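K.L.:
Mind the numbering: the sequence shown is residues 1 to 424 in full-length UniProt numbering, read in order.
These are computed hints drawn from the structure, not numbers from a lab.
Straight-line alpha carbon distances no greater than 16 Å define the calculated EDC-like cross-link-like pairs of lysine to aspartate or glutamate that follow:
1) Lys243 x Asp317
2) Lys135 x Glu163
3) Lys96 x Asp74
4) Lys95 x Glu163
5) Lys353 x Asp370
6) Lys353 x Asp364
7) Lys335 x Asp352
8) Lys78 x Glu102
9) Lys353 x Glu336
10) Lys130 x Glu163
11) Lys333 x Asp352
12) Lys377 x Glu343
13) Lys331 x Asp310
14) Lys203 x Asp364
15) Lys108 x Glu157
16) Lys339 x Asp349
17) Lys333 x Asp349
18) Lys218 x Glu102
19) Lys331 x Glu302
20) Lys78 x Glu163
21) Lys314 x Asp360
22) Lys108 x Glu163
23) Lys78 x Glu157
24) Lys203 x Glu133
25) Lys339 x Asp352
26) Lys331 x Asp352
27) Lys203 x Asp235
28) Lys335 x Glu302
29) Lys218 x Glu163
30) Lys95 x Asp74
31) Lys377 x Asp344
32) Lys335 x Asp349
33) Lys314 x Asp358
34) Lys78 x Glu89
35) Lys333 x Glu302
36) Lys108 x Glu89
Pairwise CB distance ranges (calculated):
37) Leu201 x Ile264: 18 to 28 Å
38) Thr316 x Glu102: 48 to 58 Å
39) Pro345 x Thr316: 29 to 39 Å
40) Asp317 x Lys203: 15 to 25 Å
Predicted model, so just to flag it, every value in this text is computed and none were measured.
The C-beta atom is built at its ideal place from N, Cα and C for all residues, glycine as well.
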Amino acid sequence: MLYLYVCVPNGFRNTPNADLNGKPYDIEIYKDDEGDNWPPSSPPPTDEKRRQMKVEQAKYLENFKFPLLPTSEDTYTKIAKIGQGTFGEVYKAIKKLTQPVEHVAMKKILMENEKDGFPITALREIKLLKKIEHKNVVNLLLISTNNLDSRKISRTEFHLIFEFCEHDLAGLLANTNLKFNLAEIKDVIQQLLNGLYFIHLNKILHRDIKSANLLITKNGVLKIADFGLARAFSDVIVKRNHKYTNRVVTLWYRPPELLLGANIYGPPIDLWGVGCIMAEMWTRCPILRGNSEQSQLLAITELCGSITVDIWPKVTDLNLFNTMELPIGQKRKVKECLKPYVEDPNCLDLLDKLLTLDPDQRIDAHGALDHICFWSKPMPGGLGNAISRLQTSNYEFLVKQQKFGMVKQGPSAFAPTGLQDRIY
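Let the sequences and hints guide you as you build the complete structure.
P.N.:
So, in structure tokens, the structure goes:
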């Protein structure tokens, strides 16, 4: 059985609701017969893990000074809720007393639990976004709070104020009324690669590349968002004990090296996610959907072939490779399975290079941008025209809200392995 899941336009429905401007809207939703259409959550952290996170949190608070502003209530008016996650909620808002009207996204972070303190992911996001300014990376405008004494954060509300983006890619892909042509698909992936190239150039790993974390403006500009799991990295690991966690990246977009327990890794983990998203542009849903780490590995080997020393020489350095029973004799079927959906041979070749098992052989952002895929007709472009025809916003949050009739709870604040229901 091949673990390549392709969404068939079956069982869609229109649900009356209100859009972000208070007008009725319809978004067609894919109804998954197998249940949830999102990755599984992870168990809560151990006490030891919480202690480790508190130490890291303390270091951030000690070294980082918040550019705090007074409460945002007098400055912004919330219009509608567009996202919800572990650490707060995201609202569309307008800035008061400005002409023309200026829209922003307000991410509210509420400290309800003094034990956990200020969420470590929010601290990371603030710190890293202050270092990055790029057209294809979401712009953090400012931070506001109702308590300027950052030492007393219990029951304090913080708002991260971002530039407003009308859609996210997951929401757009769930809208079956929207069809992407080849030039528009190239446009999406090229913008994503441009943003990742800049992020990696600044020695930062995103570590949660997925369609829900890619925002799209009404003019068709892609913005990489949600840096809650991001971290700085070094090309040279000076000390072997300076290792990273492998409990990152949403399961369906997680590369094989992380599933096999790698704790020394780099930009290739983000490029695997690009490959998954690129395929998703044609299939309209995630192509590798395991319900556990082992089943995710099985799905990957079914599509990408068996994991062996011949095709991945350093795989023996990963402990789980030596302890897990992995399928043998599986042939690589990336091109074979995706060819019915991806007719362009150049795009198919780039997909094959992005979904390479060995991270050392996986194409990087620079190499991908130089690929013939982006330098052959039709040339990348036209996304803005396609998006401009939409009358309503498209977010994964709204898709889930219509499908389930409510917002499904995300995983634990310290469980980054499941779906993090964040938009920014």
